[in-house]
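S.K.: One-letter residues, chain by chain:
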Amino acid sequence: MIRFAALLVIVGACGLFGLLMAQRYALRPKQLREFHQAVETLQTEISYGATPLPQALKTAATGLEASIGGFFTEVARRIEAGFSAEQAWHAMIEQEQGSFCLSEADWQIMRTIGNGLGTTDCLEETKKLRLASIYLTEAEAQAKERSAKLTRLWSYSGFLIGATIALVIL
Amino acid sequence: MVVIRPAGLNEKVTANPRFVQEVLPFLAPAVSDLLRNLPTSIWSELEELRLRVGRPLLMRLGLGELTLNQHGEICRNLSDGVIISREMVDRSLQMITASSIYACEEELKNGFLTIRGGHRVGVTGKVVLEAGRVKTIRYVSSLNVRMSREIKGVGRQVLPYLIHNSQVVSTLIVSPPQAGKTTLLRDIIRLLSDGDQKLGYGAVNVGVVDERSELAGCWQGVPQNDLGRRVDVLDACPKAEGMLMLLRAMAPQVIVTDELGRESDLRAVQEAVSGGVAIITSVHGLDEQDIRRKPVLRAILDTGVFQRIIVLSRRLGVGTLEKILDSSTNRNLLSGGPKLLTGRC
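For the record, the sequence lines run as chains A and B.
For the record, in the first sequence the residue sitting at position 88 is 88 according to the numbering used here, with numbers rising by one throughout.
For the record, in the second sequence the residue sitting at position 14 is 14 according to the numbering used here, with numbers rising by one throughout.
Excised from the complex, chain B in its bound form:
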């Protein structure tokens, strides 16, 4: 059995207090007790925590996977990991929903729940259908706690490319899963709504349609992430309807939403842009060629509403900025090859 003892483990080991306070209270005591003594180095790298009935506890960090044995020791070999029982999953679900599954029906239909701190918990199990549509999930067998991280300043590297003649231009972020598109979008929202003297632009009203509660990470209606001072959030609202609601009611200068993909989204984007509002949004894909294979996304690109296309990858690590395209000329505005987006600049 390979047991990893992180460097400096003899020193007093304390977990990142933010995660301890926000995540551990929502996990079954049998699981949270194991995680309580995780060193800060692991917490700071932790991206996902997976609980699957009858399978070992799994922690996904940066580019690797680790588990914990029954004594709470970190192991690389997953077969040494503590096996997650049905009771652990059920108890965690009870704690996440405050014993109120009925109050989370809408979120469960989308397959995830949001907890304090904006962390998202993916849920799978037996899907119950009603009139051919997902009604709820019963007999939950897997939970995936995805750590929400705000990396402030990560958007500063791309923001100058999104402003043309002192106006924010409509931008599409193309990214595979787990490449940092939500983190980038979140920071762009914050920078736009607060303004940035250093970059020389003023603040604007930003409307956010947060269909999957990822951008603002609303928990019980309150945004858990810092999105700046001029943000209006429609939480758990369908994108197309939300964009039109914001347009009519909140006079935004920029509307931000995540994971575009439906035909109705296309119509709402066109309406918003024709109303003089810039749209900043994201889609899943490898690059601009890849998303052109999907009919709806191709149609969106063909309308020419997006003046910039930002392509992200994991090539140099999470948040690799591959290119920033000017969609009218198809020219890459980013000089010097791919860069890793960091929050330090």
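Okay, chain A solo, but in the shape it has when bound:
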């Protein structure tokens, strides 16, 4: 009986791990899309309105999923508290990296946005954000492709691996 329960736990744990991995692959393109949308809003606010960064970041945060919106509003709050935009942006990435499903390559794109943010003229800022926007589009397309392949794979393979382990033990 105990042995049977242990095998069930193994299958359940492996299945859960697989589901979590599947969720990460499914969430990555969604989160990338939201970050991308915020970066585009930021670009518009800077190029057309010359809106100061704290205000532009708050505008970019509106309508986004709470955790992603929170990233931008917190950067805005830190700038208003006297931190430079670069410091605030990078510190938020370090702090919140684990809360999102983005890959290291995605975070690298996000870091480039923070480098020297708000220290140049409108044209330079817009150029930098446009470039980041292009990279985010590519990352999103790649993430979608990987998600289509791997989400289903991980949803099943967790249970399959668990079942295989259980069979070997039996």
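Hint data in this document are derived by calculation from the structure and do not stem from the laboratory.
Every value quoted in this text rests on a predicted model; they were computed, and no experiment measured them.
Ideal Cβ positions, reconstructed from N, Cα and C, are used throughout, including at glycine.
Careful: at least some of the hints might be erroneous.
[Claimed, not checked] One-sided and incomplete, this derived list gives chain B residues near chain A with beta-carbon spacing under 7 Å:
#, residue
1, M95
2, S100
3, Y102
4, T136
Given chain A, put chain B in place with the hints provided.
M.R.: Positioned in the frame of chain A, the structure of chain B alone reads:
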């Protein structure tokens, strides 16, 4: 090393809360921490605070200069002063612009930024040109924080001379830099737009073209100085265009602007005056003879649009009223010699 310990320093020293709240949040922590314990007597006299990369921190008060050493003690000898680093200047600039240099491009083209409270920060560094015109300033090396002070009532001494047959007359204020012309103009605006029962005249609509954001001291579009209840401000707007915009749109009885000097200004002044609007403005100069040496200003004076010319100096201190001329007779209307303008009368 001469360290000045102001009288009463043993008492609890508190800085003027207005400046602490308005200026210190815009300075790098390494600088603001030094200034936080400045005594009220210094804050109340402080006119400029200069941060230059590789040079000592410099405070200009009334007629003298002081610095602070690394412990925040006040020193007269500038070589004892704490040396300002590039990081201090960069950090201050970031804080002044809220990390948004691009949002301040227009102001940077003019070489200054305005912060909360209407205080002006002069900026110098490497100028970037585009098509031969200033585009922006990079590698900022100097910041000059100029304290904006409203001295209410300072205009009361001159206002009776600016009203003739119950009408405000066009007036030109001639003043060297740092002699109080902006403070005087600001108070004249406030007195005219609020009216003054004591002096016996009613309020009028005043239009202000504040090209350098000094008169209203707008910060994020909101005037930081009290200019009265009937004032319309065009902030950071070129004078000539602004005067015509106000004339067409806001029906002002008086238009006030600062530091006249371009040919286009002359045409706008003439148009406004011919439309029945009084102009009150200022120019840099020592006296009426001095400004006549500048062709544009001579042309403005020759048109006879200004009925009064007020001459300021620093002879008795900032805000010395030298004379008030009736330009038609060239007679000095001010009796009893130069006077120091104060806000107490």
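S.K.: Does each hint hold? Answer for all of them.
M.R.: Evaluation of the provided hints:
1. With a cut of 7 Å, the hint placing B/M95 at the interface with chain A holds, because the nearest CB-to-CB distance is about 6 Å.
2. The criterion of a C-beta within 7 Å of any C-beta in chain A is met by B/S100, whose closest approach is roughly 4 Å, and the hint holds.
3. At about 4 Å, the closest approach between the beta carbon of B/Y102 and any beta carbon in chain A falls short of 7 Å, and the interface hint on this residue holds.
4. Hint on B/T136 holds. Least Cβ distance to chain A is approximately 5 Å, under the 7 Å limit.
Figure legend: structure checked against the earlier numbered hints; every hint is met.
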